[in-house]
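Construct the complete structure from the given sequences, taking the supplied hints into account.
Read top to bottom, the protein sequences are chains A and B.
Take the first sequence: its position 79, counting from 1, is numbered 79 in our numbering, and each next residue is one higher.
One gets our numbering by counting positions in the second sequence from 1 and adding 1000 to each.
Keep in mind that the hints are not guaranteed to be accurate.
In silico DSS-like pairs for lysine-lysine, Cα to Cα no more than 25 Å straight-line [as the list claims (entries may be wrong)]:
| no. | chain 1 | residue 1 | chain 2 | residue 2 |
| --- | --- | --- | --- | --- |
| 1 | B | Lys1071 | A | Lys42 |
| 2 | B | Lys1070 | A | Lys101 |
| 3 | B | Lys1070 | B | Lys1083 |
| 4 | A | Lys68 | A | Lys49 |
| 5 | A | Lys113 | A | Lys101 |
| 6 | B | Lys1057 | A | Lys101 |
| 7 | B | Lys1014 | A | Lys101 |
| 8 | A | Lys49 | A | Lys101 |
| 9 | A | Lys42 | A | Lys113 |
| 10 | B | Lys1070 | B | Lys1057 |
| 11 | B | Lys1009 | A | Lys42 |
| 12 | B | Lys1083 | B | Lys1009 |
| 13 | A | Lys42 | A | Lys101 |
| 14 | A | Lys68 | A | Lys58 |
| 15 | A | Lys69 | A | Lys49 |
What the simulated footprint calls covered on chain A by chain B, stretch by stretch (three residues with Cβ under 8 Å from a Cβ of chain B suffice, anywhere in the stretch; the number is not a length) [unchecked claim]:
| no. | segment |
| --- | --- |
| 16 | 72 to 86 |
| 17 | 104 to 112 |
For the record, the hints were derived by calculation from the structure and aren't laboratory data.
As the structure is a prediction and not an experimental result, all values here were calculated from the model.
For every residue, glycine included, the Cβ atom is placed at its ideal position computed from N, Cα and C.
Given next are the chains, with one letter for each unit.
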Amino acid sequence: AQSVTQLDSHVSVSEGTPVLLRCNYSSSYSPSLFWYVQHPNKGLQLLLKYTSAATLVKGINGFEAEFKKSETSFHLTKPSAHMSDAAEYFCVVSNAEYGNKLVFGAGTILRVKS
Amino acid sequence: DGGITQSPKYLFRKEGQNVTLSCEQNLNHDAMYWYRQDPGQGLRLIYYSQIVNDFQKGDIAEGYSVSREKKESFPLTVTSAQKNPTAFYLCASSIIRDTRRYYNEQFFGPGTRLTVL
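Here it is as structure tokens:
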């Protein structure tokens, strides 16, 4: 079975400070991992994906995530938050052995204060 | 522009009515998906289709129906049997096969917000 736990439902940071959104996963086999972002009343946009080529994955808009198998984690980080980063972020796990179905975390709402 | 379109953006339904949500893609993707999003619950899979004229139930298919008569189109009908249909509905598509085994990201449409009056 597969599951995703996003450890914080809400995160609040000041503009210009680092962002950390935490994600732990459970998967019986080697997973694919993704981070998606959703702005209010919009669809989801892919930020980055882990495809087993490198454990540190760089995405769009300055975001990156590190795959740590020993900790079953895939935390999302950004060195300096921008007001436009305010959105909801979803950590997602998938696996070919489960038909490539996506399993979503509950989401983390990021608030950026000026 | 390539992408996924969903219509309408907002939809209102009276009790006992069936309504159909449209999803069209011009990405030439084989697979299409319907998700339901409720606050604080992430996305849950309703139905998916990997090929024309074939589809499978997801985790919460009760009260919903779909068809896949064309590769580009995957409409979702919310029937009167769905007890709590008010939600944000998202359509997605993806390729099926790629030389990179784990290349299975899904591309999402802008969503339809359904409200039952």
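Hints, one by one, checked against the model:
1. Lys1071/B - Lys42/A: holds (24 Å)
2. Lys1070/B - Lys101/A: Between Lys1070/B and Lys101/A the Cα gap is close to 22 Å, so the pair holds against 25 Å.
3. Lys1070/B - Lys1083/B: violated (29 Å)
4. Lys68/A - Lys49/A: Holds, at roughly 14 Å.
5. Lys113/A - Lys101/A: Roughly 35 Å between the alpha carbons, so the hint for Lys113/A and Lys101/A is violated.
6. Lys1057/B - Lys101/A: holds (12 Å)
7. Lys1014/B - Lys101/A: Violated - the C-alpha atoms of Lys101/A and Lys1014/B are around 32 Å apart, more than 25 Å.
8. Lys49/A - Lys101/A: holds (15 Å)
9. Lys42/A - Lys113/A: With Cα atoms ~22 Å apart, Lys42/A and Lys113/A stay inside 25 Å; holds.
10. Lys1070/B - Lys1057/B: holds (18 Å)
11. Lys1009/B - Lys42/A: holds (10 Å)
12. Lys1083/B - Lys1009/B: holds (21 Å)
13. Lys42/A - Lys101/A: OK: Lys42/A and Lys101/A at ~21 Å, within 25 Å.
14. Lys68/A - Lys58/A: Answer holds: Lys68/A to Lys58/A is near 15 Å, not above 25 Å.
15. Lys69/A - Lys49/A: holds (15 Å)
16. 72 to 86: This one is violated; 0 residues, fewer than the three required, reach chain B with a Cβ under 8 Å.
17. 104 to 112: holds (count 4)
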